[in-house]
Amino acid sequence: MVGKHIVLVIRLLSDRSGGAEKLYIEMANYLVEQGFRVTCLYYEPGQKEPFYKLDNRVSLTNLFIPYPSLGLFAKMNRLLSHALGERSIMPAFAWLNSELPFTLQLKHFFKRMKVDLVLSYLPPANTPSLIAAKMTKTKIIVTNHNVPEKDYEDIKRWSPNPIDRFLRLYLLRYASKVHVLFEHFGSWFPESLQSKIVAIPNYVPDDYFSLESKSIATKKIIGVGRLAAVKNYETLVEAWAVISKEFPDWSVEIYGTGPDEEKLRSLIKERDVTDSFFLMGHTSNVMEKYDESLIFCHTAIHEGFGLSVAEALARDLPVIAYKDCEGVNQFVVDDENGLLIERGSTADSMAVALKQMISDDEMRKRLAGNAKESIRPFSETKYYQKYSQLITEVAGL
Amino acid sequence: MVTVDVLIPHYNDPEGLEMSLKSIAEQDWKGDFRVVVCDDGSKANLLKKAEDILNAYDGEVVLIKSPVNLGRPKTRNILLDNIASEYVAWLDAGDEWYPTKTRLQFDAIYRSMVRYENKNIWATCSYDWKWIGGRARTIQQNTKGDQVQSLMMGKDLRAYLWTLLAKADAFKWLGKFDEELLRLQDLDYFLRFASQGGQIVTVGSPEPLCVYHKSDIGRNGVEVKNCFFYIYNKHKYLYSQYSAKFRKNRRYDIYMHAARFLDSNGDTLKKISMNGKAFLTHPTRYLFRF
Numbered sequence: 001m002v003g004k005h006i007v008l009v010i011r012l013l014s015d016r017s018g019g020a021e022k023l024y025i026e027m028a029n030y031l032v033e034q035g036f037r038v039t040c041l042y043y044e045p046g047q048k049e050p051f052y053k054l055d056n057r058v059s060l061t062n063l064f065i066p067y068p069s070l071g072l073f074a075k076m077n078r079l080l081s082h083a084l085g086e087r088s089i090m091p092a093f094a095w096l097n098s099e100l101p102f103t104l105q106l107k108h109f110f111k112r113m114k115v116d117l118v119l120s121y122l123p124p125a126n127t128p129s130l131i132a133a134k135m136t137k138t139k140i141i142v143t144n145h146n147v148p149e150k151d152y153e154d155i156k157r158w159s160p161n162p163i164d165r166f167l168r169l170y171l172l173r174y175a176s177k178v179h180v181l182f183e184h185f186g187s188w189f190p191e192s193l194q195s196k197i198v199a200i201p202n203y204v205p206d207d208y209f210s211l212e213s214k215s216i217a218t219k220k221i222i223g224v225g226r227l228a229a230v231k232n233y234e235t236l237v238e239a240w241a242v243i244s245k246e247f248p249d250w251s252v253e254i255y256g257t258g259p260d261e262e263k264l265r266s267l268i269k270e271r272d273v274t275d276s277f278f279l280m281g282h283t284s285n286v287m288e289k290y291d292e293s294l295i296f297c298h299t300a301i302h303e304g305f306g307l308s309v310a311e312a313l314a315r316d317l318p319v320i321a322y323k324d325c326e327g328v329n330q331f332v333v334d335d336e337n338g339l340l341i342e343r344g345s346t347a348d349s350m351a352v353a354l355k356q357m358i359s360d361d362e363m364r365k366r367l368a369g370n371a372k373e374s375i376r377p378f379s380e381t382k383y384y385q386k387y388s389q390l391i392t393e394v395a396g397l
Numbered sequence: 001m002v003t004v005d006v007l008i009p010h011y012n013d014p015e016g017l018e019m020s021l022k023s024i025a026e027q028d029w030k031g032d033f034r035v036v037v038c039d040d041g042s043k044a045n046l047l048k049k050a051e052d053i054l055n056a057y058d059g060e061v062v063l064i065k066s067p068v069n070l071g072r073p074k075t076r077n078i079l080l081d082n083i084a085s086e087y088v089a090w091l092d093a094g095d096e097w098y099p100t101k102t103r104l105q106f107d108a109i110y111r112s113m114v115r116y117e118n119k120n121i122w123a124t125c126s127y128d129w130k131w132i133g134g135r136a137r138t139i140q141q142n143t144k145g146d147q148v149q150s151l152m153m154g155k156d157l158r159a160y161l162w163t164l165l166a167k168a169d170a171f172k173w174l175g176k177f178d179e180e181l182l183r184l185q186d187l188d189y190f191l192r193f194a195s196q197g198g199q200i201v202t203v204g205s206p207e208p209l210c211v212y213h214k215s216d217i218g219r220n221g222v223e224v225k226n227c228f229f230y231i232y233n234k235h236k237y238l239y240s241q242y243s244a245k246f247r248k249n250r251r252y253d254i255y256m257h258a259a260r261f262l263d264s265n266g267d268t269l270k271k272i273s274m275n276g277k278a279f280l281t282h283p284t285r286y287l288f289r290f
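Residue numbers (this note's numbering), protein chains in the order written: chain A, 1 to 397; chain B, 1 to 290.
Treat the hints as calculated values from the structure; they're not laboratory data.
Treat the hints with caution; some may be incorrect.
As the list claims (entries may be wrong) - Computed list of lysine to aspartate or glutamate pairs in EDC-like fashion (alpha-carbon distance at most 20 Å, straight line):
1) 119(B) / 253(A)
2) 167(B) / 33(A)
3) 144(B) / 156(B)
4) 119(B) / 26(A)
5) 172(B) / 260(A)
6) 111(A) / 117(B)
7) 176(B) / 33(A)
8) 48(A) / 146(B)
9) 4(A) / 156(B)
10) 48(A) / 117(B)
11) 4(A) / 169(B)
12) 111(A) / 179(B)
13) 4(A) / 146(B)
To be verified - Computed far set for chain A versus chain B, every beta-carbon distance over 10 Å:
14) 112
15) 150
16) 153
17) 364
18) 387
Even glycine gets a Cβ: it sits at the ideal position worked out from N, Cα and C.
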């Protein structure tokens, strides 16, 4: 296996701090440690460094074509959409214009650089990689990092182009294996793909299990995540506004940044909880923050894998989350390691759960006591074991 | 104490080897050198001479003998496999270092380690280009800007392995030389390095630190052209990142380059055909080339 060439493909990488990017970089670092030759490919204008630290033995190449020889497609596209209106053959041109350069670049690379296996991350990279792999007869594993409904059906996620949306699912038949986060997500895919589905959940870093807590927990409720619509932190503000007066010595802290920051700040002001609800921004040591808190609250609408929730559990925090939040309800069990609540049209259920968790010390301690053990199956070691097995199975490496 | 492996491929040129070894002995850098010579199937009498020279050399020497002539890329791969020290420099039998080369390049590496903390670094340097029987001309290596593009153009930054000093890991990381390439394997190797996240740095002073004894005699123009197009196709994903005009100019350059070799070797017919190809590739540039 030493010296075999594994290529990891993602569309956007520069300075991006998302979960999939983190897994991508960590996988590259792991594989190079195992003795593989690893190349990371991405495709975007600009030459910024990746946000996460990449091992310097990994090759990193941006395939971006700054002078697209396909400018013609863009022009035709514009002309046609003027002439024929929105419902023209435009999507075909638009798709070729945005995807063909990347696809051809990948094809050249796979063909000439003796690639033994491709791992592709997120749909914008999956489709071009699948075409290029099919053209060059290269083995490819496609990874999914969200609930399949969201990745393959939701028009708001990824490209709205109907051709792209069709190919995204259609081309999966050319993958050697299709990775999903949970077994349960795999059942969404059509019957013909079932034999290719492999479920490997994400993991909680080993440190979270092994390191002793250095801090003393105070009366704090913590939330960790991007400040974006999908994380639904407004509900938490609303819920806290209902009960904050009853618990003056408690406070809520949210770690993360994002597009909704201003909106949330004004909502906090409006509900008059500025003295107990804090947006803390980015932190470099989130583990310490978990240790300083007593309750983890997660309001997200859906998750692929709620990593912050899993990390919080590993640091002995009981969790409050919504029952219908996929990717969290897979490992948070109601009344075992947290409270799973019904999603109503208001924040009331959240307020009730928070109140219960704060006031019932005994229950809180019981749930916290189960937290760490409940998340053990999602360890780093297991994650890499499963991936190694997968790579061996697909490419014989 | 830091040790540098000096990797030297040798083929039928004991005098050149002696000159190269002398220039290693004269380095004013204080560390140790370990000289690794890979003989690529030289003639028996010349190999004997080379062995005598190596025996006379005062310092650690390793000689690897290949019974048959394998060609430059394979010889270099054997040398790569025999790296034992933390740092590596390359030298071709027949070329020379000036005494300050290693010291100044180490300074450059240590300086850039801070700046490019997470990257593999190669240190290159300016050098003299001495035509056999002609005058020396100093060539600057300019590492600013897009290094991949500079390497493709071959003007500001030229792919010459014997200008390099670097950590052994920075070579091991990149892997082997492409054994398909009888010529220009340096270019392929440099392109891979620069495009995959490696950083080439230079000493910073314009004075030359080594000398390359250059001759067009015996170089096969057609072979050079074929090797170039092999590289061009292999790195198509890199070349296509630049404009069609840029690529046209690169193809034109290589035809003219090959024509020059063919001219030096008196191969007039092939030279004319190569000129024709250059003309067809870029007619205006060909017509207004003077």
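Does residue 179(B) lie within 20 Å of residue 111(A) when you go C-alpha to C-alpha?
-> Given that 20 Å is the threshold and the Cα spacing comes to 17 Å, the pair holds.
Taken at face value, is the distance from the CA of residue 117(B) to the CA of residue 48(A) at most 20 Å?
-> Distance of about 15 Å is within 20 Å: holds.
For the pair we were handed, residue 4(A) and residue 156(B), check the Cα-Cα distance against 20 Å.
-> Since the Cα atoms of residue 4(A) and residue 156(B) sit roughly 34 Å apart, the hinted pair is violated (cutoff 20 Å).
Pair hint residue 111(A) and residue 117(B), alpha-carbon separation not exceeding 20 Å = violated, 32 Å
Once the closest CB in chain B is found, is it more than 10 Å from residue 364(A)?
-> It holds; residue 364(A) is separated from chain B by about 43 Å at its closest Cβ, greater than 10 Å.
Given hint residue 146(B) paired with residue 48(A) - CA-CA distance at most 20 Å = Holds: residue 48(A) and residue 146(B) sit about 14 Å apart, inside 20 Å.
Assess, step by step, whether the Cα of residue 119(B) is no farther than 20 Å from the Cα of residue 253(A), and give holds or violated.
-> violated, 37 Å
Is residue 119(B) close enough to residue 26(A), meaning Cα to Cα at most 20 Å?
-> Satisfied, since the Cα-Cα distance of roughly 17 Å is no more than 20 Å.
Verdict on residue 112(A) as a residue remote from chain B, using beta-carbon distances over 10 Å = Since the minimum Cβ distance to chain B is about 5 Å, residue 112(A) lies within 10 Å and the statement is violated.
Given the hinted pair residue 167(B) and residue 33(A), is their alpha-carbon gap at most 20 Å?
-> holds, 19 Å
Given the proposed pairing of residue 176(B) with residue 33(A), does the C-alpha separation stay at or below 20 Å?
-> Satisfied, since the Cα-Cα distance of roughly 19 Å is no more than 20 Å.
Are residue 4(A) and residue 169(B) close enough, with their CA atoms no more than 20 Å apart?
-> holds, 18 Å
Of the numbered hints stated above, those contradicted by the structure are hints 1, 5, 6, 9, 13 and 14, listed in ascending order.
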